[in-house]
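Trainee: Based on these hints, arrange chains V and G on the given structure of chain H.
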Amino acid sequence: MALDYSSLGFKAIIAKLDNGVLVVTLNRAKQRNTFGDTLPAELIQVFDIADRDDRVRVVVLTAEHTAPAFCSGADISKGWGMLFRPEEDLEGETAHRDGGGQVTMAIYKCRKLTIAAVNGHAAGVGMTAMQLPFDFRFVWEGAKLVFPFVRRGINPEAASTYLLPRLLGHSRANSLLLSGITVSPTSPLISNLYHEILPRREDVFPAALALAKDLAINTSQISVAYTKGLLQHPGDTIEENHILDSRAIKLLGSGKDAAEGALSFKERRNPKFPDTLSKNSSPWYPWWRTVDVKHHKAKL
Amino acid sequence: MALDYSSLGFKAIIAKLDNGVLVVTLNRAKQRNTFGDTLPAELIQVFDIADRDDRVRVVVLTAEHTAPAFCSGADISKGWGMLFRPEEDLEGETAHRDGGGQVTMAIYKCRKLTIAAVNGHAAGVGMTAMQLPFDFRFVWEGAKLVFPFVRRGINPEAASTYLLPRLLGHSRANSLLLSGITVSPTSPLISNLYHEILPRREDVFPAALALAKDLAINTSQISVAYTKGLLQHPGDTIEENHILDSRAIKLLGSGKDAAEGALSFKERRNPKFPDTLSKNSSPWYPWWRTVDVKHHKAKL
Amino acid sequence: MALDYSSLGFKAIIAKLDNGVLVVTLNRAKQRNTFGDTLPAELIQVFDIADRDDRVRVVVLTAEHTAPAFCSGADISKGWGMLFRPEEDLEGETAHRDGGGQVTMAIYKCRKLTIAAVNGHAAGVGMTAMQLPFDFRFVWEGAKLVFPFVRRGINPEAASTYLLPRLLGHSRANSLLLSGITVSPTSPLISNLYHEILPRREDVFPAALALAKDLAINTSQISVAYTKGLLQHPGDTIEENHILDSRAIKLLGSGKDAAEGALSFKERRNPKFPDTLSKNSSPWYPWWRTVDVKHHKAKL
Chain H
1 MALDYSSLGF
11 KAIIAKLDNG
21 VLVVTLNRAK
31 QRNTFGDTLP
41 AELIQVFDIA
51 DRDDRVRVVV
61 LTAEHTAPAF
71 CSGADISKGW
81 GMLFRPEEDL
91 EGETAHRDGG
101 GQVTMAIYKC
111 RKLTIAAVNG
121 HAAGVGMTAM
131 QLPFDFRFVW
141 EGAKLVFPFV
151 RRGINPEAAS
161 TYLLPRLLGH
171 SRANSLLLSG
181 ITVSPTSPLI
191 SNLYHEILPR
201 REDVFPAALA
211 LAKDLAINTS
221 QISVAYTKGL
231 LQHPGDTIEE
241 NHILDSRAIK
251 LLGSGKDAAE
261 GALSFKERRN
271 PKFPDTLSKN
281 SSPWYPWWRT
291 VDVKHHKAKL
Chain V
1 MALDYSSLGF
11 KAIIAKLDNG
21 VLVVTLNRAK
31 QRNTFGDTLP
41 AELIQVFDIA
51 DRDDRVRVVV
61 LTAEHTAPAF
71 CSGADISKGW
81 GMLFRPEEDL
91 EGETAHRDGG
101 GQVTMAIYKC
111 RKLTIAAVNG
121 HAAGVGMTAM
131 QLPFDFRFVW
141 EGAKLVFPFV
151 RRGINPEAAS
161 TYLLPRLLGH
171 SRANSLLLSG
181 ITVSPTSPLI
191 SNLYHEILPR
201 REDVFPAALA
211 LAKDLAINTS
221 QISVAYTKGL
231 LQHPGDTIEE
241 NHILDSRAIK
251 LLGSGKDAAE
261 GALSFKERRN
271 PKFPDTLSKN
281 SSPWYPWWRT
291 VDVKHHKAKL
Chain G
1 MALDYSSLGF
11 KAIIAKLDNG
21 VLVVTLNRAK
31 QRNTFGDTLP
41 AELIQVFDIA
51 DRDDRVRVVV
61 LTAEHTAPAF
71 CSGADISKGW
81 GMLFRPEEDL
91 EGETAHRDGG
101 GQVTMAIYKC
111 RKLTIAAVNG
121 HAAGVGMTAM
131 QLPFDFRFVW
141 EGAKLVFPFV
151 RRGINPEAAS
161 TYLLPRLLGH
171 SRANSLLLSG
181 ITVSPTSPLI
191 SNLYHEILPR
201 REDVFPAALA
211 LAKDLAINTS
221 QISVAYTKGL
231 LQHPGDTIEE
241 NHILDSRAIK
251 LLGSGKDAAE
261 GALSFKERRN
271 PKFPDTLSKN
281 SSPWYPWWRT
291 VDVKHHKAKL
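For the record, the sequence lines run as chains H, V and G.
Once you know that position 143 of the first sequence is 143 in UniProt numbering, the rest is easy, because the numbers rise by one and skip nothing.
Once you know that position 243 of the second sequence is 243 in UniProt numbering, the rest is easy, because the numbers rise by one and skip nothing.
Once you know that position 235 of the third sequence is 235 in UniProt numbering, the rest is easy, because the numbers rise by one and skip nothing.
Extracted from the complex, chain H is given alone in its bound form (with noise of 0.2 Å):
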């Protein structure tokens, strides 16, 4: 029987699944969508559920419009200790996983389409696990942007040093974590990293669900998730990149979705794209060293 996601018991989030698309919507607009409580664990079971669910082709992660900020970050009023869990301190000084990070790779990790409707303000996590892994950013042109690490005497989080300067190159993202200013979305500094930009924050969620009914219809799951793939692993050099998609090639052009993707665009009409991931995929994916970054207890 199919899972049903309302029966998952998360108060953090509400998840709906509908012809393909999951909605993710934040749940907490009286804490301003602070990142805390259940929150990180339960966007992390979400993303993992729906990187393996058949049925899902693209996550939408948004917060109600209404709400005072889309995400503003973690909650330090009562300083940083809620960053740490004492379990880990009990390790030693090398056993913490940030928090942030640990969302940041489930939702990098998910082999779906995967875009986020940044229908507020964002501050810290909200600017980095909450956007930078996405495969697509839309964004409300209000909305205050900022990675304040460096002004709060810490340092940038959730994989974002090594995610912002990708997206974006070394000249923007070092403008943004290293001076920690506010900027609105149209700013040259940081528009690059939007897909689009929307003037009304009701406009978002909308504009973000159209791209993802669209694309839950018209792209093939496996294809999606070699290209993934292949964009986060592309190899070491050109060449080893084109043996990589060579092989890709070779195997997704002989499957079923390629006919249908050849056949329904001469025919002119969507396609029905029959492979999924749990059926179709090879034991050639993934082709690169998949790494464990728990810490690994010191005493039994």
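Worth flagging that the hints you see were computed from the coordinates, not collected in a lab.
A quick note: this is a predicted structure, and the numbers were derived from the prediction, not measured.
Certain hints may be false.
A pair counts as met if it fits within one copy or between any two copies, since identical chains are not told apart.
To be verified - Pairs of lysine-lysine residues, derived as DSS-like cross-links and limited to a Cα-Cα distance of at most 30 Å, are as follows:
1. K297 to K30
2. K144 to K213
3. K78 to K213
4. K256 to K294
5. K78 to K294
6. K30 to K266
7. K16 to K272
8. K294 to K266
9. K256 to K213
10. K297 to K266
11. K78 to K279
12. K256 to K78
13. K294 to K30
14. K266 to K279
15. K256 to K144
16. K78 to K144
17. K11 to K78
18. K294 to K213
19. K109 to K11
20. K213 to K279
21. K266 to K213
22. K256 to K109
23. K30 to K11
24. K144 to K266
25. K256 to K297
26. K109 to K272
27. K272 to K144
Mentor: Chains V and G alone, transformed into the frame defined by chain H:
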């Protein structure tokens, strides 16, 4: 006796050399300049020759501006079978080498300056192999541009998952490759790909040719080759790059082209650079590993 | 007793420290601020000192806005011989270390924030070492900017083939380095290089100084150093970056600057960050290999 490009028997392209500029024109307008028949092999051959012909300083690839498209990709009206060669199939699943990728690498490895004059619509391999490996791209403002792979059940090829993120950053590369949407050159999603965007189709080639003529006169062949080498193979760290560019500066700065470059600059005249790659390169070049990507046959 | 920058005997630059901001002004207006005489050595020295002087939080490099140029590159009126040192020539062809690259690395490795205020024309090393290794670049809209290397018979130096593609992506880096054309800051080919573009020459330094003063008060020295470290040495994979930024978060999040950062944010006042690099860095920093690029003499 010098090679005559008209003697090479090309059918899918026309190649003409004039004062250091080799113009290669796609000659398949009736087939919408699709990537088929002898086109891939002829492109590989002409860029390989251009790489080694000292007379060539710049290569411009273009199409007739009255053609239905600059290049509308592969012809998939009969499915994807045309991608695969029977002799490769006999060799097993890892034998295939993507034809687009082979063209990409011939262009990318050409040590001369390369310009794509995209004076029409472009799709699929018309966006990848026919544009991404070039040093400069000119485009018609009205061109419809699309990387449709995820909508056809296959994956981006021709080393595009290596090249496009390097050219534009991952934010734009993800938007283009993972959505498969059609964009125009002025879209912020793709505009950074182009050196210049021209309002009329007929303006694209003349603009590209004007830059080509300027560069053919005013750039040093050996400077170009070493600069391309440094850009493609910069070393793994800033320290390694410093050691590489120091060695190149020592080598080139002691040469005739550098002496002429300084003198002509002082005398405010065009330079006449005497050095050529066949005579004046060094045993040190290339400093990177050259990789053989051919499939090694399993049986004799 | 604290170091007095006016006691260092600089001739080619003027260095003044005021409230955490070290302003370095090029002092060779009569020589068009060419990169010669003692200028390279003095720049290396002042950035090396700034790196280690706890009082310095931000370094601003600028020129007199009435000078003929911000920096017109190397003076090649007598050819390229000035690039090479006789003692290096005795050591053989691999002994040369590019002077521009040595300056680049002194600036790049400085753990404090660095700003270039480019209030005039810039060419050659005036574009490379004098701009690319900085964290932020401000520029006058009317500046003529050029990387002329391929037009002079040499290659781009000062680690520019490493830095420029990282800053802007390869599409723009190729356009600039392989054409050698002169552009203005508002050209789409180069505009992403600049944090801010100012209409008048005399506005450039004040704008840069305003950001410098903001950053000197409101950023943590140790946050800046670790963030620069993470941006320059993010690890090879997202997993490695996650482990690195987790460790930094653990270290910094437990420190005094982080406590003050959270408290001052809560109290809506400017922070007073107490931590300094000389006292509060950790044995773990740097986590990357530091490489010695000096030539090792072959003979005693």
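Trainee: Can you give me the call for K272 and K144, within, between, both or neither, at a CA distance of at most 30 Å?
Mentor: This pair counts as between: shortest inter-copy Cα distance 25 Å, intra-copy 41 Å.
Trainee: I want to check one pair: K297 and K266. Are their C-alpha atoms no more than 30 Å apart within a copy, between two copies, both, or neither?
Mentor: neither (57 Å within a copy, 36 Å between copies)
Trainee: Checking an output row: K256 and K109, CA cutoff 30 Å. Within, between, both or neither?
Mentor: Classified as within; 25 Å inside a copy, 35 Å across copies.
Trainee: Treating 30 Å as the Cα threshold, decide for K213 and K279: within, between, both or neither.
Mentor: within (23 Å within a copy, 55 Å between copies)
Trainee: Can you give me the call for K266 and K213, within, between, both or neither, at a CA distance of at most 30 Å?
Mentor: Within one copy, since 22 Å is at most 30 Å while 42 Å is not.
Trainee: Is it within, between, both, or neither for K30 and K266, if the alpha carbons may be no more than 30 Å apart?
Mentor: Between copies only: 18 Å across, 51 Å inside.
Trainee: Could you figure out if K78 and K144 sit no more than 30 Å apart (CA to CA) within one copy, between two copies, both or neither?
Mentor: within (23 Å within a copy, 51 Å between copies)
Trainee: Checking an output row: K256 and K213, CA cutoff 30 Å. Within, between, both or neither?
Mentor: Cα proximity of K256 and K213: one copy only (22 Å, versus 49 Å across).
Trainee: As a check of your reading, is K78 near K294 (CA-CA no more than 30 Å) within one copy, between copies, both or neither?
Mentor: For K78 and K294, only the intra-copy Cα distance (27 Å) is at most 30 Å; the inter-copy one is 49 Å.
Trainee: Within a copy, between copies, both or neither: which one fits K11 and K78 at a CA-CA cutoff of 30 Å?
Mentor: within (23 Å within a copy, 51 Å between copies)
Trainee: Give the relationship of K294 and K30 under a CA distance limit of 30 Å: within one copy only, between copies only, both, or neither.
Mentor: neither (32 Å within a copy, 59 Å between copies)
Trainee: Pop the pair K256 and K294 into one bin, within, between, both or neither, using alpha-carbon distances up to 30 Å.
Mentor: Cα proximity of K256 and K294: across copies only (28 Å, versus 38 Å in one copy).
Checked against the numbered hints above, the structure breaks hints 1, 8, 10, 13, 18 and satisfies the rest.
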